[in-house]
Amino acid sequence: MIPPAFEYHRPTDLASAVGLLAQLGDEARVIAGGHSLIPMMKLRMAEPAHLVDLQSVGELKGITVASDHVQIGAMVTQSDLIAHDGLARAIPLIREAALQIADPQVRYVGTIGGNVANGDPGNDMPGLMQCLDASFTLTGPSGSRDVAARDFYHGLYSTDRADDEILTRITIPVPAGGYAYEKQKRKIGDYATAAAAVLLNRRGGTVSFASIAMTNLSDMPVWSQAAGEALLGTDCGTEAVTAAIAAMLADIDPQADNRGPIAFKRHVAGVILARAIARAWSRT
Amino acid sequence: MAKKIHVTLTVNGEAQEFLAEPRELLIHTLRERLGLTGPHIGCETSHCGACTIDMNGRSVKACTVFVAQADGADITTIEGLGGPDGLHVLQRMFREHHGLQCGYCTPGMITRAHRLLQENPAPTEEEVRFGMAGNLCRCTGYQNIVKAILAAAAELNAKEAAE
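One line per chain: the protein sequences are A and R, in this order.
Okay, so the first sequence: first residue is 2 according to our numbering, each after it adds one.
Okay, so the second sequence: first residue is 51 according to our numbering, each after it adds one.
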């Protein structure tokens with residue numbers, strides 16, 4: 002499996018990286034950890050003439066935890082996310098999810114920016130970021146703009162990012178209340194058969210806030226507003242959870258593949274969401 | 051053909067310099083260019099972990115790294131951990147506890163276990179299993195691999211306590 006030839010660039014600042022993309026046009030791709038892109042290149046499903054390696058771009062590194070929000074540079078790896086205690090205190094949902102992504106070796110190199118920017122519906126971070134109502138900063142030749150994670154995905158490998166833009170930073174409001182990331186997968190390292198990210202908060206005995214997103218159950222992540230609303234004002238009991246699952250099932254559109262037929266995936270999605278809601282509620 | 055680039059690596063403590071096409075995969079650099087055949091090619095798709103090496107203090111699957119990305123890196127392979135004349139404690143414990151049968155996955159297993167014990171010198175059995183999840187073995191059922199790593203951790207900790 003020999004990948005196609007390319008020219009290699011390793012800019013040391015963001016302006017140079019953006020400049021290279023502008024200069025080289027659609028012949029160029031950025032590479033972060035490479036664990037999505039390199040396998041695609043080996044299969045000759047991707048044949049970029051130029052690779053712009055972001056590993057030395059300092060502006061893309063680092064995690065900043067403020068009282069009401071967190072900022073994460075695009076080149077922060079999954080293992081960096083797991084190791085960061087301040088982040089785990091502010092948004093424990095991220096560590097819980099990152100531990101369920103791939104395997105140790107892949108987590109050392111796989112980045113949050115690559116995970117959210119690639120547009121692969123199998124990736125876990127896009128749904129997680131929709132659940133958390135994160136926004137992505139995109140930087141191109143004419144400056145930077147922010148796009149909500151809930152508006153970023155258009156379809157399979159299709160996102161709001163233009164070819165000459167780099168996803169540089171993720172900003173996440175610090176949530177209150179309980180959280181859970183539940184993932185059903187065939188083996189360690191596999192993509193989800195179904196996964197659910199859930200945030201809940203309570204006022205007394207009833208649900209005062211709910212956000213629910215599903216992974217790998219459509220050609221893009223699914224933030225199910227209706228599923229969250231089905232829980233609001235309820236006691237989060239069996240009836241409410243059943244209603245939330247029904248609402249979620251109306252929003253997903255899984256396809257049959259080697260993880261199972263459609264009916265199985267819909268069944269697993271319901272089981273996983275019920276578990277995630279129960280765990281998140283127990284943590285409120 | 052894309053032009054070759056100048057690459058410098060430190061591999062098992064030795065400086066290496068050469069010209070290579072950027073697309074050369076690090077596993078081929080190590081095996082074919084530098085003659086280090088300890089890291090194996092298993093699945094070639096970043097699943098099996100047979101090609102695991104240590105790069106800049108992290109366990110990495112060398113089949114999924116371009117040599118261009120590795121330029122400037124500090125790399126340790128199984129050959130840098132120990133050899134026939136002086137086995138690393140992990141190598142000795144894999145032998146003592148029958149942590150291998152065919153041995154194909156073993157260099158990747160031990161290289162990964164080495165980093166795991168650097169980060170977590172006294173892991174529980176569950177932590178070993180979770181930390182070794184990126185390395186597949188098709189012979190042993192993992193039981194003896196886990197035993198060997200726990201035994202190596204115990205010996206390393208006993209040695210440190212004695213010092």
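Some hints here could point you the wrong way.
[Unchecked claim] Computed spacing ranges between beta-carbons, pair by pair:
#, chain 1, residue 1, chain 2, residue 2, range
1, R, G136, A, Q256, 52 to 58 Å
2, A, S17, R, Q151, 27 to 33 Å
3, R, E210, A, Q256, 51 to 57 Å
4, R, T95, A, S143, 49 to 55 Å
5, R, E177, A, G87, 18 to 24 Å
6, A, D254, R, F180, 31 to 37 Å
7, A, S68, R, Q151, 44 to 50 Å
8, R, F68, A, P262, 46 to 52 Å
9, A, S68, R, F180, 29 to 35 Å
These aren't lab readings, by the way, just hints derived from the structure by calculation.
For clarity, every value in this text was computed on a predicted model and none was experimentally measured.
C-beta atoms are modelled at their ideal positions from N, C-alpha and C, and glycine is treated no differently.
How the hints compare with the structure:
At roughly 54 Å, the beta carbons of G136/R and Q256/A sit within the given window of 52 to 58 Å. A hinted range of 27 to 33 Å for the beta carbons of S17/A and Q151/R is inconsistent with their spacing of about 51 Å. At roughly 53 Å, the beta carbons of E210/R and Q256/A sit within the given window of 51 to 57 Å. Roughly 38 Å separates the CB atoms of T95/R and S143/A, a value that falls outside the hinted 49 to 55 Å.
Evaluation of the 18 to 24 Å hint for E177/R and G87/A yields a pass: the beta carbon distance comes to about 22 Å. In this structure the supplied range 31 to 37 Å holds for D254/A paired with F180/R, their Cβ-Cβ distance being about 33 Å. Between S68/A and Q151/R the CB atoms are about 55 Å apart, so this pair departs from the stated range of 44 to 50 Å. The hinted range of 46 to 52 Å is satisfied by F68/R and P262/A, whose Cβ atoms lie roughly 51 Å apart.
Between S68/A and F180/R the CB atoms are about 32 Å apart, so this pair conforms to the stated range of 29 to 35 Å.
The structure is inconsistent with the numbered hints 2, 4 and 7, although it conforms to all the rest.
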